[in-house]
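Given only the sequences and the hints, what does the whole structure look like? Please build it.
As a plain string of letters, each chain reads:
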Amino acid sequence: MNTRQNDPEQERRTIHLKVNDKDYALAIGDTVGAVAPSDTLAHTLRETLGLTGTKISCDQGSCGACTVIMNGKSILSCMTLTIECDGARIITIEGLADPATGQLHPLQQAFVDNSAFQCGFCTPGILMSTKALVDQNPHPTRDAIQHALSGHFCRCISHYEVVDAVCQATTTEGDHD
Amino acid sequence: MQPFQHQAATSVADTIAILSTHKGRAKLMAGGTDLLGILKTRATVAYPKVVVNIKSIAGLDKIQSDGQGLSLGALTRLADIVDSEVIRDAYPILAEAAASVAMPQIRNVGTIGGNLAQETRCWYFRYPHSIGGRIMCKRKGEAACLAVKGDNRYHAIFGGKKCFAVCPSDMAVALAALDAEIQISGAKGQRSVAVTGFYHPLGNVLETDEMITGIKVPRPAPNNRQVFIKHRVRDAIDFATVSVGLVVSMDAKTVADVRVVLGAVASGPYRATDAEAALVGRKLDPAVIEKAAEASVAGAVPLSGNAYKVDITKTLVRQALQI
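Just so you know, the protein sequences line up as chains H and D, in that order.
The first sequence runs contiguously to residue 178 in my numbering.
The second sequence runs contiguously to residue 545 in my numbering.
Take the hints with a grain of salt, since some may be wrong.
Straight-line alpha carbon distances no greater than 25 Å define the calculated DSS-like cross-link-like pairs of lysine-lysine that follow [claimed, not checked]:
1. K74/H <-> K284/D
2. K277/D <-> K74/H
3. K19/H <-> K277/D
4. K362/D <-> K384/D
5. K74/H <-> K23/H
6. K371/D <-> K384/D
Worth flagging that the hints you see were computed from the coordinates, not collected in a lab.
Just so we're clear, the structure is a prediction, and the values are computed from it rather than from any experiment.
Structural data, given as structure tokens:
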């Protein structure tokens, strides 16, 4: 379907995204590098912007692998249309480490220190939900961590180590049992 | 996904105009977590020509409360319902039901209107077209319901007719327990439908040129108690196998008024009127609670693989009344 033929208004429109503090302007259309109306944000991040750290697993909104932070909230990028994200601020897994030094974000380091992954495919999504949680609540209880991460599947069963890692990264004296 | 055109609606009137123009070939998108799932699998034959973003309609996400009751805009996000002080204070059943939906990422975008209008999770209905072809069934207007002879462990135990799929909405159960109404706007004007009357065995009452604009919830009697319990296989993401919403108000020591609503057992939230009758005017003692639990499943007709839902229903009703 050629949307440009049907809707001349749409051809002129451009989607502006701020991803990991970098501005992108993407044309709407079906050419290479443009955003088609049916493109999901996960697709745009990976295929158009080359940010392949965000993973697509179930592509049905059930597994959490594609989680990114949009305007401060964790969302599923596979269940979001890019065309509806104009003006959004997005943080992906590529935005966690320090861009100048490459030093890992403390949450990422805690995951490494606790072996909180095996194959690692679900890890970027889990880290983004964790980031969204600690941005709101820097010292969450173990229960709050489990609830915040309840939307993530890990087929390697890393959940226990993940919760330990988040506890370790966010602990102050005696926060967790 | 297959291509579609995309439009951003600016108002309710604008949305209805777009819906009217495309006569069933336009789909509304709010949170999108239900719609995109169906579009990706192409489980249904009809594929929209136009997807209409309604998140762009200003002011349709308000939570307002006064002495009469509560008013929710259709675009109110589930996460905002969970966090609302007003709702936690006077309508806690709504906050509990909203908190039980899916996962944080979905509650951050999912809306109350979308939760009510979501399509069933029946695995025959949802079967992806990409794996051997979609499965046609009564709900899709062709052939019979496959759940009757197939794997029906999550299907209806009440009122099964034509289609045995259940309504997956948790908010519908909580809202029906509060006797809420759904406000609908369409080409022919506005109307209001009780939540219990919104669903029918093959879907809901929305015409192709109508949309949900809001929910009206009457203020429950003072000193009422509200309970929502959701049973599911796993405590996250999963939809209910059975849920119960209970709103009860007491006169001194006896039940003055009560609504017992069951979820995931029928094509819509199911009001257990026999259980309500067993409670009104009585003290909530163990014998009465037991009678009400038994009465809640009066008329249940389980399929070959879902009789277990009868036992879960009785247990949940008992638990809700004991809290």
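Hint check results:
1. K74/H <-> K284/D: 19 Å, holds
2. K277/D <-> K74/H: 16 Å, holds
3. K19/H <-> K277/D: 20 Å, holds
4. K362/D <-> K384/D: Given that 25 Å is the threshold and the Cα spacing comes to 11 Å, the pair holds.
5. K74/H <-> K23/H: At roughly 18 Å apart (the allowed maximum being 25 Å), K23/H and K74/H satisfy the hint.
6. K371/D <-> K384/D: 13 Å, holds
Against the hints set out earlier in the document, no violation occurs for any number.
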